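Engineer: Chains A and B are the protein sequences, given in the same order. For the first sequence, the positions run 1 to 378 when the working numbering is used. For the second sequence, the positions run 1001 to 1207 when the working numbering is used.
Because the hints were derived from the structure by calculation, they are not lab data.
Straight line, CA to CA, 25 Å or less: simulated SDA-like cross-link-like pairs of lysine to any residue:
| # | chain 1 | residue 1 | chain 2 | residue 2 |
| --- | --- | --- | --- | --- |
| 1 | A | K335 | B | G1017 |
| 2 | A | K377 | B | N1051 |
| 3 | A | K242 | B | D1049 |
| 4 | B | K1199 | B | R1168 |
| 5 | A | K350 | A | T371 |
A partial selection of chain B residues facing chain A, derived with a Cβ cut-off under 8 Å:
| # | residue |
| --- | --- |
| 6 | D1049 |
| 7 | I1052 |
| 8 | N1061 |
| 9 | H1064 |
| 10 | F1074 |
Some, not all, of what chain A presents toward chain B, calculated at C-beta under 8 Å:
| # | residue |
| --- | --- |
| 11 | V334 |
| 12 | K335 |
| 13 | A347 |
Everything numeric in this text was worked out from a predicted model, so none of it was measured. The beta carbon of each residue, even a glycine, is placed where N, CA and C say it ideally should be.
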Amino acid sequence: MPDILSPDCVGLVTPQTQKFTTPLKLDCGRTLPSYELVYETYGTLNKNQTNAVLICHALSGDHHAAGYYSMQDKKPGWWETCIGPGKPIDTNRFFVVSLNNLGGCQGSTGPTAVNPETGKPYGPDFPIITVRDWVKTQARLGDVLGISQWAAVIGGSLGGMQAMQWAIDYPKHLQHSIVIAAAPKLSAQNIAFNEVARQAILSDPEFHEGHYYQHDTIPHRGLMLARMLGHITYLSEDSMRKKFGRELRQGKLNFGFDVEFQVESYLRHQGRSFVDRFDANTYLLMTKALDYFDPASEHDGNLSAALSKVLAKFLVISFTSDWRFSPTRSREIVKALLANKKPVSYAEIKAYEGHDAFLMPIPHYIQIFKTYMQQIKI
Amino acid sequence: MELRTDLALISDWIAKGSHLLDLGCGDGTLLAHLRDTCQTTGYGLEIDDDNIARCIKAGVNVIHADLNKGISDFSNDSFDYVIMTQAIQNIHRPDLVLLEMLRVGRQGIVTFPNFGHWRARFSLLFFGVMPSSHALPSEWYNTENIHLCTVRDFEKLCYQLDIEILQRAAVDVEHRTRWPMRWMANLFGEIALYRLRSKPVKRIFPK
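Turn these sequences into a full structure, and let the hints steer you where they fit.
Structural biologist: Printed below as a string of structure tokens:
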């Protein structure tokens, strides 16, 4: 809880909801007749609408990227380190839009929303959403806000994939695409991690094939396990050693299976608090969107061909200790852009924090990100 | 901004509208200058984080890369010129990098501090110590210059690698060029500049 708001914080913010009644044809073949997107904005849109920046969130993110809802809030938005006055995404200069993606569970239409056809929550019947579907809905939100071209579309991890898809699908509608700690597609290892997470949820007896809302329960064990596994992959061995080492909670071994090591306690806490704020069906959907993302697949696996028509300038950033989406994966994106002679800059940031580094105030990361944002002409 | 004379000389060598790759591009001064004066496009490769930020500030496309790990991300003949200014002496295998430069680019431009300069010879001959000079300010134990060479060494390597020298210049550390440097580059040139390309016909037998 902040006693006073720091001058580089966007301050108190309020989410807004936009209803869309134009049916949305999805990649999976199904159509959503109507849907809602919840979003936040920071900063002011200029007269010529040239300073808008779109933030795309990652797997478990949402629209609340910066600021606080009230002075009683314990935590600010998830990307407070990068959004605010004087920060890389400088709200004195840019008008920032951050939304909860379709299929999410923080207010945008998703599995927890009521299906108008049945009067019950969608649950497992909510259609599978792809990154391309998200980008389409984000473009519609841009239309409503009067933004014909984004100064930049920015995202980390799964958000970076959206920033990339934007440049492919709407080349004229963004100036810059900023792709952080992302990959052009998941590796078999990545998909394997997602599958274990999904199996944890699907095999929880409380899952009830996704209809747990009707049974007035949630698959908390499965979702907790999924999050614990995910969390391990977001950290590096180094960051775990630094954070926990082999520290024991009670200072001695108890020869049992209760929590003994600090890292166990941390993971259980992360898992438990995630269950309170996240929906299991949404988690399943988000991991599928990750698995399916592969813009090169429409070009016989040729990423250069997929990126041949992009017009946006790219900034690609990776982190040395990120093994979930390693620098090698970011370099695949860079290489495909180089082959097309497209404008791109690439920075590989020395960091021990693993995949989570993109959320951290790492000086060189912030410096490079900020410098890039400053030279964007608005 | 005043441009280093070796960089100014290079810009005379480059055709307008060329696509360039600058290996070890530093703060991006050369690429920014060439973009503004010769309408060039391209990328700089750089390893230092602060320099990467400086390049971005100058609006230069910069790719974080370690030259010692090669430039295999680039395909054959994808650039008009591949440039390397005063970096060859820091590289583990200058010979391999030279060949890579001319694989990726149609021409290469290389500049380096000339170890054959009379002052370097003088300090070794009369004082018996490793030379350090304006162009080579570090001491032998902390220098990053691990592969120093002379004008003659460099030209010998080019001959061995079937690299054709299209143009050569020698300047002093103030980057002026005077008649003694043109006359005896290896003795009077502090910094040597070369424009290179692969010989069109490769030898059948290695030298």
